[in-house]
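Asks: One line per chain: the protein sequences are A and B, in this order.
Per the working numbering, residue 1 is the first one in the first sequence, and the count goes up by one each step.
Per the working numbering, residue 697 is the first one in the second sequence, and the count goes up by one each step.
Please keep in mind that the hints were generated in silico from the structure rather than gathered at the bench.
Glycine included, each C-beta is placed from N, C-alpha and C at the ideal position.
Be careful, since some hints might not be right.
[Said to hold, decoys possible] Which stretches of chain A does chain B cover? Using the computed rule of at least three CB atoms under 8 Å from a CB of chain B, they are:
(1) 98-110
(2) 359-373
(3) 398-404
[Said to hold, decoys possible] With a cut-off of at most 20 Å between alpha-carbon atoms, the simulated EDC-like pairs for lysine to aspartate or glutamate come out as follows:
(4) B/K763 with A/E514
(5) A/K130 with A/E101
(6) A/K402 with B/D768
(7) B/K713 with A/E270
(8) B/K713 with B/D768
(9) A/K242 with A/E216
(10) B/K713 with A/E271
(11) A/K402 with B/D748
(12) A/K242 with A/E256
(13) B/K767 with A/E216
(14) A/K403 with B/D748
(15) A/K56 with A/E163
(16) A/K137 with A/D274
(17) B/K713 with A/E101
(18) A/K144 with A/E164
(19) A/K298 with B/D748
(20) A/K220 with A/E200
(21) B/K713 with A/D259
(22) A/K290 with A/E514
(23) A/K137 with A/E271
(24) B/K713 with A/D274
(25) A/K258 with B/E716
(26) A/K505 with B/E764
(27) A/K258 with B/D768
(28) A/K402 with B/E764
(29) A/K220 with A/E75
(30) A/K403 with B/E764
(31) B/K763 with B/D748
(32) A/K144 with A/D115
(33) A/K130 with A/D288
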Amino acid sequence: MNLNLEDNVQIIALAGNPNVGKSTIFNSLTGMHQHTGNWPGKTVVNASGNCKYNLKDYLLFDLPGTYSLMAHSSEEEIARDFICFGQPDVVIVVCDATCMERNLNLVLQTMEITDRVIVCVNLMDEAKSKKISVDLKALQNELKVPVLGTSATRKRGTKAIMEEVAKPGQCIALPPIRYDEAVETAISFLLPHLVNTLPESISARWVALRLLDYDEALMKSLDRHLAINLLESEPLKLSLNKAYFHLEQMGITREEIKDAIVTTILRRAEEITDTVVTTENDVSNNRDRKIDRILTGKPFAVPVMLLMLLVVFWITITGANYPSKLIFNGLFWFEGKLLLGADFLGFPGWLSDALILGGYRVLAWVVSVMLPPMAIFFPLFTLLEDSGYLPRIAFNLDHQFKKACTCGKQALTMCMGFGCNAAGIIGCRIIDSPRERLIAILTNNFVPCNGRFPSIISMIAIFFLWGYSGFAGSLLSAALLTMVILFGIGMTFMVSGLLSKTILKGVPSSFTLELPPYRKPQIGKVILRSIYNKTAYVLWRAVRVAVPAGLIIWIFANITIGDSSLLSHCSSFLDPVGRVMGLDGVIVMAFILGLPANEIVIPIIIMSYLGKGNIMQLASLSELRVLLTENGWTWLTAICFMLFSLMHWPCSTTLITIRKETQSIKWTILSFLIPTLIGFTLCTLFTALIRFTNIV
Amino acid sequence: METLLPLCNLPIGSSSKIMELYSVGSMRRRLLDLGFAQGSTVRCIHSAPSGDPIAYLVKGAIIALRKEDAKDILVRTDVNVEVLEGCDLIYELKS
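Go ahead and model the full structure; you've got the sequences and the hints to work with.
Replies: Right, dumping it as structure tokens:
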């Protein structure tokens with residue numbers, strides 16, 4: 001693995017269980033000077049950041065939160081490969097003081113891989129309030145590595161971490177775990193070969209253990225990172241067989257080796273915990289149980305969940321209106337200046353038109369429509385995440401998802417999809433089972449994202465609630481919108497069920513879900529983090545495709561062949577397809593050109609109907625209503641438009657994300673085809689039905 | 697021989713000790729990582745609105761398991777039932 005670093009930079013890796021405040025420590029050490037980087041060959045993004053202490057430079061890597069390093073999931077594999085092959089100078093293992101035993105499991109596993117470990121016992125304040133005390137000195141004596149206590153949310157003790165990191169490394173001579181004599185003997189059979197083959201930086205003892213429990217993933221990683229193929233070495237194979245034979249004679253079969261290793265580590269963790277942790281009061285947190293009774297028990301769980309969703313939508317949609325307009329006006333004011341500037345510099349008319357009215361205008365449009373809702377939605381979502389409520393949603397809904405052969409965590413990725421499908425697809429990483437994760441990725445597009453909401457809401461207002469206004473109007477509009485969303489959710493369940501019975505069946509799934517304690521979120525940090533991590537990320541991807549898309553749209557609208565533009569040629573060509581679906585050629589073409597961002601579908605429709613050369617909006621909904629009805633729209637067109645908006649190909653940003661996350665062209669194509677085919681079929685069937693019954 | 701109780705039948709609010717783990721494959725390894733190992737004490741905390749999954753307190757953390765997974769974890773029958781504030785006490789064993 002090549003991290004391309006200067007020699008004087010020290011690498012620090014942060015490991016730990018999920019939800020132990022690892023990221024908070026990471027942020028306070030790096031002071032938010034982080035950048036997300038991709039790590040070689042893998043799609044999962046680890047945060048990395050710089051830190052200066054006593055004039056020395058450090059590079060910190062925030063590893064994915066894991067319970068173990070036995071590589072049962074891709075996160076664990078990444079964390080383990082980094083600790084093993086990334087050659088960090090120090091690994092800081094962050095622990096949760098309120099459940100030390102489970103955290104020590106990870107500490108011990110890390111200590112088996114590397115000898116430069118610092119244990120950081122976080123959430124000391126939370127433990128104190130739960131009347132749990134951790135004797136850090138005794139822990140240090142047991143582990144023989146530096147141990148520090150922190151309360152990262154209150155910025156206590158984070159400085160001490162860097163102090164400890166800066167100290168010259170002391171290596172531990174003893175392995176952290178002694179196994180049964182049988183296992184130890186088996187290890188000793190393998191050690192001589194491994195010490196000769198492996199580089200010094202890799203613990204031969206640890207690799208021997210992995211050979212014994214036959215960890216193929218690690219063997220592949222060794223091959224990939226160091227070009228060492230252990231299983232091809234004949235003498236090693238011989239010794240391995242000898243080791244297996246010895247173990248079998250001592251009553252440990254090959255299947256039992258992993259168990260023997262894991263339980264030994266767990267026992268040791270338990271032993272240590274017994275010496276260092278004292279709990280005054282064994283009853284689990286009562287306040288949390290009371291909250292849980294409301295949020296996860298009958299009869300409030302489901303209503304509270306729906307209410308939360310509704311509130312989040314309402315705040316996002318209404319809150320985004322004003323800033324959207326502001327940004328829109330600002331960017332369009334700038335467009336005027338750009339045109340003047342281009343004119344002043346003597347640009348030919350077509351060039352400034354293409355660049356400014358084409359590229360820049362679509363960019364401005366996407367930014368002004370996309371940014372405010374995302375800048376509101378994602379912080380709200382992160383607030384719910386930090387408070388500990390989100391896992392409860394997965395807990396509440398798992399039973400329903402199980403019926404579609406998937407798991408409750410999919411509910412969270414769907415919620416994220418409401419903000420942005422690309423973000424929802426990245427969120428699918430929380431799902432452990434590869435099969436269920438793929439299903440969640442393939443179906444995420446069935447929940448409408450922020451980019452599709454406005455057009456659906458306009459359709460409802462124009463064709464179904466025209467004349468309603470005020471409170472009744474917005475209530476009815478919300479109700480109809482909910483129906484559309486529920487329809488999308490229903491489709492998600494149906495398609496998920498269908499996929500698990502056809503192309504994605506057979507792979508078994510394991511479902512375990514941690515319900516973390518409720519915590520008061522740190523609002524300021526949440527807003528910064530979610531804007532930085534999600535909003536900026538998604539927006540940047542959209543912006544990158546917006547300018548070329550704008551140019552293409554401009555070319556389509558302005559290059560004329562014969563007596564009409566390329567756009568209208570294409571529209572008339574697509575018209576028969578559109579008519580079958582209850583739409584028309586212009587609408588279908590708008591969806592095609594709207595591939596980079598769903599936000600620009602309606603502006604393209606307006607542009608086409610008016611025969612203009614650049615995308616535009618109308619001053620009011622009533623003007624839009626007149627324009628649409630003049631072009632033959634009925635309520636049937638509106639319904640088909642909403643159906644197709646809900647079910648067509650994902651936007652290009654989402655497709656690129658799917659490609660990155662699945663590492664497969666096949667699944668990317670399927671994620672394009674599935675919703676498109678369903679949308680096409682449903683629109684066609686619905687139209688045929690309505691026309692057949694002569695309602696329209 | 698002592699009879700054992702599948703974990704999914706442990707009444708809400710009561711705790712017991714894990715005696716056997718029959719889970720296999722990746723689920724077994726995950727359960728072990730989470731602390732569902734022989735000898736660990738578990739407490740049944742509450743269930744989802746539909747009765748499944750069920751949340752258990754193990755090694756200081758609350759972990760939700762589906763009934764079908766929890767049935768492979770066997771615990772001692774002489775459960776310690778104590779009234780917890782905030783927990784409904786259900787005496788009858790759930791199916």
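Asks: Work down the list of hints and note, for each, if the structure agrees.
Replies: Results for each hint:
Coverage of the stretch 98-110 of chain A by chain B holds in this model, with 6 residues showing a Cβ closer than 8 Å to a Cβ of that chain against a need of three. With 0 residues carrying a beta carbon less than 8 Å from a beta carbon of chain B, the stretch 359-373 of chain A misses the three-residue requirement, and the given coverage is violated. For the stretch 398-404 of chain A, the assignment as covered by chain B holds, since 4 residues bring a beta-carbon within under 8 Å of that chain's beta-carbons and 3 suffice. Between the alpha carbons of B/K763 and A/E514 the distance comes to roughly 15 Å, so the proposed pair stays at or under 20 Å and holds.
In summary, the hint linking A/K130 to A/E101 is supported, as the alpha carbons are separated by about 16 Å, within the 20 Å threshold. Taken as a hint, the A/K402 and B/D768 pair is honoured in the structure, with Cα atoms around 18 Å apart against an allowance of 20 Å. At most 20 Å may separate the alpha-carbon atoms for a hinted pair to count; B/K713 and A/E270 meet this at roughly 14 Å. Between B/K713 and B/D768, the direct Cα distance comes to roughly 14 Å. Compliance with the 20 Å bound is thereby established for this hinted pair.
Distance hint between A/K242 and A/E216 is fulfilled; the C-alpha atoms sit about 19 Å from each other, no more than 20 Å. Distance restraint check for B/K713 and A/E271: the Cα-Cα separation of roughly 17 Å lies within the 20 Å cut-off, and the hinted pair is therefore satisfied. A distance of roughly 10 Å separates the Cα atoms of A/K402 and B/D748; the hinted pair therefore holds under the 20 Å criterion. Note on A/K242 and A/E256: the hinted pairing holds, with a Cα-Cα distance of about 16 Å set against a maximum of 20 Å.
For the hint pairing B/K767 with A/E216, the CA-to-CA distance comes to about 30 Å; that exceeds 20 Å, so the pair is violated. Taking the CA atoms of A/K403 and B/D748, the gap is about 12 Å. The hint holds against a cut of 20 Å. Between A/K56 and A/E163, the direct Cα distance comes to roughly 12 Å. Compliance with the 20 Å bound is thereby established for this hinted pair. Between the alpha carbons of A/K137 and A/D274 the distance comes to roughly 14 Å, so the proposed pair stays at or under 20 Å and holds.
For the given pair, B/K713 sits about 16 Å from A/E101 by alpha-carbon distance, which is consistent with the 20 Å threshold. For the proposed pair A/K144 and A/E164, the alpha carbon gap of about 14 Å is at most 20 Å, so the pair holds. At roughly 12 Å between alpha-carbon atoms, A/K298 and B/D748 fall within 20 Å of each other, so this suggested pair holds. For the given pair, A/K220 sits about 19 Å from A/E200 by alpha-carbon distance, which is consistent with the 20 Å threshold.
With a CA separation close to 19 Å, the supplied pair B/K713 and A/D259 stays within the 20 Å bound. For a cut-off of 20 Å, the pair hint linking A/K290 to A/E514 stands: about 18 Å separates their Cα positions. At most 20 Å may separate the alpha-carbon atoms for a hinted pair to count; A/K137 and A/E271 meet this at roughly 16 Å. Restraint check for B/K713 and A/D274: satisfied, since their Cα atoms lie roughly 17 Å apart, inside the 20 Å limit.
A C-alpha spacing of about 16 Å is found between A/K258 and B/E716, which places the hinted pair at or below 20 Å, so the restraint holds. About 18 Å separates the Cα atoms of A/K505 and B/E764, which keeps this hinted pair within 20 Å; it holds. For the given pair, A/K258 sits about 18 Å from B/D768 by alpha-carbon distance, which is consistent with the 20 Å threshold. Pair hint A/K402 plus B/E764 holds up; C-alpha atoms about 11 Å apart against a cutoff of 20 Å.
Taken as a hint, the A/K220 and A/E75 pair is honoured in the structure, with Cα atoms around 16 Å apart against an allowance of 20 Å. For the suggested pair A/K403 and B/E764, the alpha carbons sit about 13 Å apart, so the restraint of at most 20 Å is met. For the hint pairing B/K763 with B/D748, the CA-to-CA distance comes to about 6 Å; that is within 20 Å, so the pair holds. At most 20 Å may separate the alpha-carbon atoms for a hinted pair to count; A/K144 and A/D115 meet this at roughly 10 Å.
Between the alpha carbons of A/K130 and A/D288 the distance comes to roughly 11 Å, so the proposed pair stays at or under 20 Å and holds.
In summary, the structure is inconsistent with hints 2 and 13 from the numbered list given earlier, while agreeing with the others.
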